[in-house]
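Here is what each chain is made of, one letter per residue.
There are 4 protein chains.
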Amino acid sequence: MTANEPVVVVNQAVTEGEALAAQRAWCSALLEINATYEKEGQAAAKALAEKVIDAAYAYQMGAVLFKPTLTVNPQTFRPTRAGALSYFVGGDPAFPNDKGFALKGWKKCEAVNNAIFLDGNSAITMGKVHFTDKNGKVTTVDKTWGYVRDGAGNLRINLHHSSLEYQPK
Amino acid sequence: MTANEPVVVVNQAVTEGEALAAQRAWCSALLEINATYEKEGQAAAKALAEKVIDAAYAYQMGAVLFKPTLTVNPQTFRPTRAGALSYFVGGDPAFPNDKGFALKGWKKCEAVNNAIFLDGNSAITMGKVHFTDKNGKVTTVDKTWGYVRDGAGNLRINLHHSSLEYQPK
Amino acid sequence: MTANEPVVVVNQAVTEGEALAAQRAWCSALLEINATYEKEGQAAAKALAEKVIDAAYAYQMGAVLFKPTLTVNPQTFRPTRAGALSYFVGGDPAFPNDKGFALKGWKKCEAVNNAIFLDGNSAITMGKVHFTDKNGKVTTVDKTWGYVRDGAGNLRINLHHSSLEYQPK
Amino acid sequence: MTANEPVVVVNQAVTEGEALAAQRAWCSALLEINATYEKEGQAAAKALAEKVIDAAYAYQMGAVLFKPTLTVNPQTFRPTRAGALSYFVGGDPAFPNDKGFALKGWKKCEAVNNAIFLDGNSAITMGKVHFTDKNGKVTTVDKTWGYVRDGAGNLRINLHHSSLEYQPK
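Residue numbers (the working numbering), protein chains in the order written: chain A, 11 to 179; chain B, 11 to 179; chain C, 11 to 179; chain D, 11 to 179.
No wet-lab data here; the hints were simulated from the structure.
No incorrect hints appear here.
No copy is singled out in the list; a pair is fine if it fits within one copy or between any two copies.
27 angstroms max Cα-Cα, derived BS3-like pairs, lysine-lysine:
id, residue 1, residue 2
1, K147, K179
2, K144, K118
3, K179, K117
4, K61, K117
5, K144, K49
6, K117, K147
Next up, chain A with everything else stripped away, as it sits in the complex (with noise of 0.2 angstroms):
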């Protein structure tokens, strides 16, 4: 080897980049799932929002750190994929409180973040969330998303953390 080879480097980091990206494509995914249900109902709406958490969400990891918006107890929770499934399409008599979150009538998803916190191969984001129906009414969610790179190098969702927005009485 010579002093003017180049040097192979092998970057495992998640990048700023990286973590917005994903956060762009949970939106995407979301808005998707929404229109596919309005043109071709719940059972296609389903099969997307089974492709989208199997590439997006790292439930072969074991579990997720899953408590979405909407849910209450004792089903808070959603650790396994069949619990998160049902956050977002509805329709599982196991969780009998879950109506569809990606079934709502999004319209726009945007997320702004408040600060990143990149360690190495994995990247936590915390921030506003703006969510817009059909109707132009916006619905705005405090979120956490927590993400690790694959084994293909693509990131995934560990952790969710999502709630309304604190209404002071």
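Fit chains B, C and D to the supplied structure of chain A, relying on the hints for placement.
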């Protein structure tokens, strides 16, 4: 070196036990800040809260991803130490809506985890935290904590997302 | 969720036991490649070595930091899969000095560690490895192995530095 | 918070530039210890070496995986600070074979990397390091360095495997 010489193992991995201990320490500190407030007033409580934040949070890394339970726009997130301190003990004109969460008469604090993610020198926990006040009233929040190991070997909170349970209308 | 519901723990940390098992697997594979060579010839040994490299090394991440024991300039380092394969079984005109380290009649291979560094989803070991050939002659090397966990949960070698012991003149 | 408020990014990832800077700092420190030895003697060189080790190595984590170039059994590995210090400046009766590698008249030290692995808050480099002494004689070693980021944000060496180039007989 011989075959039976002991192997030196440097282990940076965060264990479940360490994460649980950090949760208990957070709860204990909250109760202690409240007790100090009741006995010695706001200034003493504030001094203690500063020590707690400096020991338990990772603000020295540049920022903490912190969404407290009761904050409102435009100060929902508290990436700075000053914002965290104000949230816990109030009294900072820069954060006029903060009443001091740690001063609300808490007598008991208990974390009940749903899932834990251990990723080497960091960990994330998600679950319920139950706060009981002096009148026996219980407030439950959904809480995510992220921990990183600092240079001295201690866990520090780099992520904290807390939210009241969703109330369906 | 109730307080006595089991907590789901996703643990990505590499343990000392996993690192030791990976070392034993490397030694076993080396002996097996040699045995295959003796019984079935170079082509069969090469086919097995390809399987071993693909299962045990992290070339799919882009490169491996590999300094084998017996390589010389200008091909000291073997960041590519082809370079690793040639080192173990020879026969590649692109690496004319390689005789095939795995084909040297090894009957025993034992790692004796000096120190191990466990850093979450990666680990590094350093120590002696003793190779015994069919005549009972022992060759000892100083060896560092780095391991990373892949997407399927298995450890893969991303670092391998091996060197003959220093001989003072 | 508004959409155009700046996002706070905490980035713990080690960059290639940081790893290269750490290599240059190691080389500079080696030359400086030698220069101090030539001007002020062994005691001054030892005092400087202690500072360098305390600033650049990660012995405070419990141990360093260190296989120096010229060590012999049974003291090949130097997991302790005392063993590293003795290797660099000699004079420790507990390590009778150490002559002081840093005192050998080095005037130039240059690292030429083959491959670099960046894994979040750690990095590993592998390549040649060329040492030129006062007579212009060049000694080349194969060297692996592992770096971890400490609590103060600095890189520290947690792994160091150095070996003379293989000489075929």
